[in-house]
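**Q** In case you want the letters, here they are:
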Amino acid sequence: MEAVEEEFLAEREHVQIIPNFSHDKLYLIAGDVGPFVAGIPCSVPLWLAVNLRQRGKCRLLPPAWMEAEALAAKKEEEMQTKVFTKMGSENYMAVAQLLLTTAPHDVPNAHLVRTLIKDIWDLRIAKLRSSVAEFIKQSGRHARLHHLTPMELHSVRPILPSALDQLLRLGAAASGAHNVSLNDSSMA
Amino acid sequence: MKMADITDDILSASDDDESQVVTAAEVLLKIESLWRTERLSPTLECHQSELVDCMLDQITQMNNNLRRCKKTDLRLAIHRMELERVRYVVASYLRCRLLKIERFTHYLLEKHGELDDPSLALLSPQELDYAKSYAQSIESHFNKLVLRHITHEKLAEFDAKKMSVVPNMNGYVFLKVLKDSPGVLISDQVGENADEEVDLVAGDQHLMMYSSIQELLKSGHVELI
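Read top to bottom, the protein sequences are chains A and B.
Residues in the first sequence are numbered from 1 upward in steps of one, following full-length UniProt numbering.
Residues in the second sequence are numbered from 1 upward in steps of one, following full-length UniProt numbering.
Derived from the structure by calculation, the hints contain no laboratory data.
All values reported here derive from a predicted model rather than from experimental measurement.
No residue lacks a Cβ here, since even glycine has one placed at the ideal position from N, Cα and C.
Don't take each hint at face value.
Subject to a maximum C-alpha distance of 30 angstroms in a straight line, what follows is the list of computed DSS-like cross-link-like pairs (lysine-lysine) [said to hold, decoys possible]:
#1 A:K86 - A:K25
#2 A:K57 - B:K70
#3 B:K71 - A:K75
#4 A:K127 - B:K176
#5 A:K137 - B:K176
#6 B:K218 - A:K86
#7 B:K218 - B:K30
#8 B:K30 - A:K86
#9 A:K25 - B:K30
#10 A:K57 - B:K71
#11 B:K144 - B:K154
#12 B:K176 - A:K118
#13 A:K86 - A:K75
#14 B:K162 - B:K100
#15 A:K118 - A:K137
#16 B:K218 - B:K111
#17 B:K111 - B:K176
#18 B:K162 - A:K127
#19 B:K179 - A:K82
#20 B:K100 - B:K161
#21 B:K218 - B:K176
#22 A:K75 - A:K137
#23 B:K176 - A:K82
#24 B:K100 - B:K218
#25 B:K161 - B:K132
#26 A:K86 - B:K176
#27 B:K30 - B:K132
#28 B:K70 - A:K25
#29 A:K86 - B:K179
#30 A:K25 - B:K71
Okay, the calculated bits of chain A under chain B, using three or more residues with CB under 8 angstroms as the criterion [what the hints assert, rightly or not]:
#31 45-59
#32 84-94
Given the sequences, and given the hints that come with them, work out the whole structure.
**A** Structure follows, in structure tokens:
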């Protein structure tokens with residue numbers, strides 16, 4: 001998977017918009033959305049929200065986890081613990097990125113929110129990298145990944161799986177060589 | 001194929017869920033997850049041509065409906081956009097499968113021949129044709145280009161077995177557990193220490209070898225992420 005494909009899938013997540021037009025229900029393949037009533041919030045997939053916003057047909061309502069206070073608390077929580085905390089959204093990075101680039105004026109304290117999201121991302125990625133290093137050193141064969149989001153996993157792919165793969169091959173080759181040498185000595 | 005036929009197919013394939021009507025939205029979700037799995041899996045997964053055909057039918061139907069719409073209709077642009085998204089997923093899914101078929105041609109043809117149960121077939125009939133004709137063209141290409149000029153009898157032979165690329169079943173994958181599955185065996189390929197057992201709890205995410213969870217992936221207990 002590419003990062004853009006992760007983002008593509010993240011665009012299915014629903015967000016709230018306030019439309020400035022009225023329209024009946026839309027029967028999309030992925031499910032019905034609407035009806036749209038001007039001024040009344042309704043929930044639509046992110047890709048549609050972005051499109052409508054770009055055409056000036058609505059205002060975006062950022063989700064609750066994207067408020068500056070909530071993010072500051074999350075950042076604090078993330079700093080306090082060694083493990084990963086559960087994020088407000090599986091796709092927080094993609095959603096925040098899309099909302100902030102499409103409509104920075106619809107997000108209160110957009111600048112602060114952007115910094116906080118980046119801080120949280122950096123904290124988590126640093127944790128992820130150090131635990132990956134630890135994992136490889138211990139030559140583990142299995143890892144639990146609590147609360148890691150697809151985009152974060154993407155950042156260690158393909159390097160982590162293929163590194164483990166190479167280790168496995170080296171290990172197999174080493175033990176193979178070991179066996180061969182044993183055979184040789186037993187024959188001598 | 002109509003949606004009802006698909007429903008029948010899916011119902012007959014799985015025993016645990018009864019009398020569910022499969023909506024277009026569910027088929028789409030399923031295809032999106034298939035796409036993801038196919039992109040992340042080291043080998044080719046079983047074909048799901050019923051689902052793909054059903055989605056393609058939906059696309060054509062929707063396209064026909066849209067033709068009746070007025071150009072200025074707000075709905076037109078939105079539906080168009082969604083159709084493009086769906087088409088992209090389906091196309092990317094099929095293309096990804098074709099790439100794998102070209103890569104593992106001989107291995108897949110061999111595996112396909114070994115299967116008795118048609119519901120577990122790796123290749124759809126069309127994909128099977130493609131794989132066969134691909135193998136054929138490669139062989140005739142090699143023959144035309146080099147092999148016929150070689151006088152040595154042994155060297156001039158085309159051995160498909162030696163050409164075949166085998167997928168790495170021990171490749172590591174990220175996965176998410178959908179249904180509890182206790183006692184998953186992580187076999188020790190190196191042979192230094194004993195095998196390990198892990199209990200997979202629904203909702204958890206793991207990193208492990210593809211071969212350990214291949215069966216669970218087929219039965220829908222886990223999904224690749």
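**Q** Now, for every hint given, state plainly whether the structure supports it.
**A** The hints, checked one at a time:
For the hint pairing K86 (chain A) with K25 (chain A), the CA-to-CA distance comes to about 34 angstroms; that exceeds 30 angstroms, so the pair is violated. A hinted pair counts as satisfied when its Cα atoms are at most 30 angstroms apart, and K57 (chain A) with K70 (chain B) qualifies at roughly 19 angstroms. Using a Cα cut-off of 30 angstroms, the hinted pair K71 (chain B) and K75 (chain A) is violated, with the two alpha carbons roughly 48 angstroms apart. Proposed proximity of K127 (chain A) and K176 (chain B) is supported: the alpha carbons are some 20 angstroms apart, at most 30 angstroms.
Between K137 (chain A) and K176 (chain B), the direct Cα distance comes to roughly 24 angstroms. Compliance with the 30 angstroms bound is thereby established for this hinted pair. The straight-line distance between the Cα atoms of K218 (chain B) and K86 (chain A) is roughly 28 angstroms, inside the 30 angstroms bound, and the hint therefore holds. Between K218 (chain B) and K30 (chain B), the direct Cα distance comes to roughly 13 angstroms. Compliance with the 30 angstroms bound is thereby established for this hinted pair. Taking the CA atoms of K30 (chain B) and K86 (chain A), the gap is near 25 angstroms; set against the 30 angstroms cutoff, the hint holds.
Of the pairs offered as hints, the one joining K25 (chain A) and K30 (chain B) holds, with about 24 angstroms between alpha carbons and a cut-off of 30 angstroms not exceeded. Between K57 (chain A) and K71 (chain B) the alpha-carbon distance is near 18 angstroms, which keeps this suggested pair within the 30 angstroms criterion. The hinted pair formed by K144 (chain B) and K154 (chain B) meets the criterion: a straight-line CA distance of about 17 angstroms does not exceed 30 angstroms. Of the supplied pair hints, the one linking K176 (chain B) and K118 (chain A) holds, its CA atoms being roughly 25 angstroms apart against a limit of 30 angstroms.
Taking the CA atoms of K86 (chain A) and K75 (chain A), the gap is about 11 angstroms. The hint holds against a cut of 30 angstroms. Using a Cα cut-off of 30 angstroms, the hinted pair K162 (chain B) and K100 (chain B) holds, with the two alpha carbons roughly 18 angstroms apart. Taking the CA atoms of K118 (chain A) and K137 (chain A), the gap is near 28 angstroms; set against the 30 angstroms cutoff, the hint holds. Our distance criterion of 30 angstroms between C-alpha atoms is met by K218 (chain B) and K111 (chain B), whose separation comes to about 16 angstroms.
Of the pairs offered as hints, the one joining K111 (chain B) and K176 (chain B) holds, with about 27 angstroms between alpha carbons and a cut-off of 30 angstroms not exceeded. Under the criterion of a C-alpha separation no larger than 30 angstroms, the hint pairing K162 (chain B) with K127 (chain A) is inconsistent with the structure, at around 44 angstroms. Taking the CA atoms of K179 (chain B) and K82 (chain A), the gap is near 28 angstroms; set against the 30 angstroms cutoff, the hint holds. Proximity of K100 (chain B) to K161 (chain B) is assessed by CA-CA distance (about 17 angstroms); at most 30 angstroms being required, the pair is judged to hold.
Note on K218 (chain B) and K176 (chain B): the hinted pairing holds, with a Cα-Cα distance of about 14 angstroms set against a maximum of 30 angstroms. Distance hint between K75 (chain A) and K137 (chain A) is fulfilled; the C-alpha atoms sit about 28 angstroms from each other, no more than 30 angstroms. In summary, the hint linking K176 (chain B) to K82 (chain A) is supported, as the alpha carbons are separated by about 22 angstroms, within the 30 angstroms threshold. With a CA separation close to 18 angstroms, the supplied pair K100 (chain B) and K218 (chain B) stays within the 30 angstroms bound.
Proposed proximity of K161 (chain B) and K132 (chain B) is supported: the alpha carbons are some 15 angstroms apart, at most 30 angstroms. This hinted pair checks out: K86 (chain A) and K176 (chain B) have alpha carbons roughly 15 angstroms apart, not beyond 30 angstroms. Distance restraint check for K30 (chain B) and K132 (chain B): the Cα-Cα separation of roughly 28 angstroms lies within the 30 angstroms cut-off, and the hinted pair is therefore satisfied. For the suggested pair K70 (chain B) and K25 (chain A), the alpha carbons sit about 17 angstroms apart, so the restraint of at most 30 angstroms is met.
The suggested pairing of K86 (chain A) with K179 (chain B) holds, with an alpha-carbon distance near 20 angstroms, which does not exceed 30 angstroms. Proposed proximity of K25 (chain A) and K71 (chain B) is supported: the alpha carbons are some 19 angstroms apart, at most 30 angstroms. Residue count for the region 45-59 of chain A with a Cβ under 8 angstroms from a Cβ of chain B: 3. That meets the three needed, and the coverage hint holds. Coverage of the region 84-94 of chain A by chain B is violated [criterion: at least 3 residues with CB-CB distance below 8 angstroms; count 0].
Checked against the numbered hints given earlier, the structure breaks hints 1, 3, 18, 32 and satisfies all the rest.
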